[in-house]
Amino acid sequence: MNAYNFAYLDEQTKRMIRRAILKGLAIPGYQVPFASREMPMPYGWGTGGVQVSAAVLTPEDTFKVIDQGADDTTNAVSIRSFFQRTAGVATTTATRDATVIQTRHRIPEEALGEGQILVYQVPIPEPLRFLEPRESETRKMHSLEEYGLMHVKLYEDISRHGHIATSYAYPVKVEGRYVMDPSPIPKFDNPKLGDMAAIQLFGAGREQRIYALPPYTQVVSLDFEDHPFEATKADHPCGMCGAQDSYLDELIIDDAGGRMFVCSDTDYCEARQAAGHKGKDAA
Amino acid sequence: MIELTNVSKTFTLHNQGSAVIEVINDVSFSVAAGECVALTGASGAGKSTLMRMIYGNYLTQAGQIRIGDVDLVQAEPRQVIAVRREVLGYVSQFLRVVPRVPTLDVVAEPLRTLGVSAEVSQARAKALLGQLNIPERLWSLSPTTFSGGEQQRVNIARGFAHAYPAMLLDEPTASLDAKNREVVLSLIEEAKARGAAIIGIFHDEAARDRVCDREIDVSRFTPKVAA
Amino acid sequence: MTPLLSVQGVTKRYGAHIGCADVSFDLYPGEVMGIVGESGSGKSTLLNCMAGHLRPDAGQVVFDTRTDGPRDTITMSEPERRMLGRTDWAFVHQHARDGLRMGVSAGGNVGERLMAVGERHYGDIRDKATDWLGRVEIDASRVDDRPTTFSGGMQQRLQIARNLVTGPRLVFMDEPTGGLDVSVQARLLDLLRGLVRDMGLSAIIVTHDLAVVRLLADRLMVMKDGRVVEAGLTDQVLDDPQHAYSQLLVSSVLQV
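If you read the protein sequences in the order shown, they are chains A, B and C.
Take the first sequence: its position 81, counting from 1, is numbered 81 in our numbering, and each next residue is one higher.
Take the second sequence: its position 81, counting from 1, is numbered 1081 in our numbering, and each next residue is one higher.
Take the third sequence: its position 2, counting from 1, is numbered 2002 in our numbering, and each next residue is one higher.
Only chain A is shown next, with the shape it has when bound in the complex (with noise of 0.2 Å):
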């Protein structure tokens, strides 16, 4: 694959890209514009991360992406081949071995180090889209601290389920300052955002904007005096390896209904099997 400059982007674009992840490092929280490119995937399969990814590569990194958590799915597959062929990177499933993640909706269960680095995809990186369409009017929200928004947000979700409904996507505010999408990963990952060893960089591809949380970053999930964050999870263990404290997906097992619950983080589930733990469905 000579063709290509290492890890695809030329070296302007990459420059460019890294500029915008030190500011954003910089301004935790803050939503740093990027001239994002076309890359040879369509919007909403990761162009944000890929990008980011690239920029951040070396030759020396160990490369391993999820989706959803697993590693085995196509998106994550086609994305770690990606740059297999065109930076020639060392891939990886386990987590502990890698030194650069990027991630579609999760974040692993073992606890990530300073050497690591976490890229997640981001569809919509504005927190208070849905509820202000203008974006001059959202940055200017953004700029004067203005946040009530975001909690009438919320509050339409008590007034109309009983409780905050919202489970994914779940909205943050970063050292005090700027409240941030964190992308739509299970309000279950909330509390690892917060004071994570690992660098934290999030890409938007098709909305041209990266944000980031550098290491041991105060992150904080909004919420009620009355209705507190929550960090929830089905409540049930891992039907293949036991776990009672992983972030489960329900799958449907048959045409009666039958279900069971199996840890979303596959290396996580496939390590703990390896060490001999055993859940109620594992074969």
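These aren't lab readings, by the way, just hints derived from the structure by calculation.
In this text, a Cβ means the ideal position worked out from N, Cα and C, and glycines have one as well.
A hint or two may mislead.
[What the hints assert, rightly or not] Okay, the calculated bits of chain C under chain B, using three or more residues with CB under 8 Å as the criterion:
1) 2175 to 2187
2) 2213 to 2224
3) 2230 to 2239
4) 2244 to 2250
[Stated by the list, open to error] In silico negatives: residues of chain A with every beta carbon more than 12 Å from chain C:
5) R19
6) P42
7) T91
8) P123
9) E126
10) K233
11) A274
Knowing the structure of chain A, use the given hints to seat chains B and C on it.
For chains B and C alone, kept in the frame of chain A given last:
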């Protein structure tokens, strides 16, 4: 209490060739507390005009109109409003109210704007409406649908709700039957007894003779219009 | 007594065209002032300049703030001005949908200003919103309904509740009864009068409806071609207009 000094007024009709009409020329008189003075003169002599000038409703071009210690001719709008709220009551010939508001609230409103509680204001309003023979079943309805005589009595009740130290009464007994006329006259007598200075226009001569201490013929101040 | 709002020499041009020119007046606490004039007379431009929606080319709009006393709102920083807009000021638009979030429930609409100033207790916010719905005569059972399901009059009352919930001291109203049926207008006028009296509000009402100012406003300003041609007590201006234009305006209306 009420004191007019060299008061004059003209109307300028800009849309009729800027015609200037002198209506009141150099009026001076005063009304003391507890006194009732009648304005007299033929129809068109300017009785109502003068009364509206005293209320601040018509702009006065020259002179002073003092109500208590405020000169309404020079006063800021907010001072005029304060005088009207606290000192100077006016019973006009026409009832002007927000549609839909119940009669009881219409009558209680002058007290409510003075900060009197709803209960006390309504109690006073009920007493007055009862005294003026407005049937209780009408109290919760808007007076806009009432007959002329009923509207006039609601207007009087409203005008007497607060014990104003100065009052202007424009034909208070017109279109009232004997019984209600008697009620209104006794209200005026009560107001005088508590020290109100009153200026009134009465076509009803018997009423005028009964409550008024003296008369002022307004035609004396009306410039003679060339016939 | 310090005026709540002191407007001095406010001028706004649109290129060569004059929006409003050299307008000055003082508004005292508890006063309601009407601004009348025909379309294009500059009354809405003036209102928007005073409310911070438009920046005038010249002049001052001095508001007596709670914390720092009189401040020129034209030169204060935008965050400060927007904070006033959420707390001490209210703006009632002619079209309720310009002042409401149509995709948010009635309770959320009323609660927004509370949340904007930092209230974070859902139960309290909801209780206050419900209380305010009652005060503007909207049944408490509608608290979770969206304004799209409300009639025009209800939407306008909801907009008023949403504006008054934080206890503002000055309310700007742009044709608040425009576009409503006459009977609905009457109800709204009655409501506004009661609220103005009970909350001790000051208000500036722009309208072309002389009947509305007669019933609501203590004072009146008549505008023509961007300038104030006459100002005074409402009933004095309406019953004894001095300026040629005011006389024309009053005489061209059916008896009010």
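Hints and how they fare:
Residues of the stretch 2175 to 2187 of chain C with a Cβ under 8 Å from some Cβ of chain B number 3, which satisfies the need for three, so the listed coverage holds. Counting residues of the stretch 2213 to 2224 of chain C whose C-beta sits closer than 8 Å to any C-beta of chain B gives 4, which meets the bar of three, so the coverage hint holds. Check on the stretch 2230 to 2239 of chain C: 5 of its residues sit with their Cβ under 8 Å from a Cβ of chain B, so the three-residue criterion for coverage holds. Given a C-beta distance limit of less than 8 Å, the hint that chain B covers the stretch 2244 to 2250 of chain C holds, as 3 residues qualify and 3 suffice.
Distance check on R19 of chain A: its Cβ is at least 28 Å (rounded) from any Cβ of chain C, clearing the 12 Å threshold; non-interface status holds. Distance check on P42 of chain A: its Cβ is at least 29 Å (rounded) from any Cβ of chain C, clearing the 12 Å threshold; non-interface status holds. No Cβ of chain C approaches the Cβ of T91 of chain A within 12 Å, the least distance being about 44 Å, so the stated non-interface status holds. Under the 12 Å C-beta cut-off, the non-interface status given to P123 of chain A relative to chain C holds; the minimum distance is some 20 Å.
Every beta carbon of chain C lies more than 12 Å from that of E126 of chain A, the smallest distance being close to 16 Å; the non-interface claim holds. For K233 of chain A, the condition that its CB be more than 12 Å from all CB atoms of chain C holds, with the nearest at approximately 23 Å. No Cβ of chain C comes within 12 Å of the Cβ of A274 of chain A; the nearest lies about 46 Å off, and the non-interface call holds.
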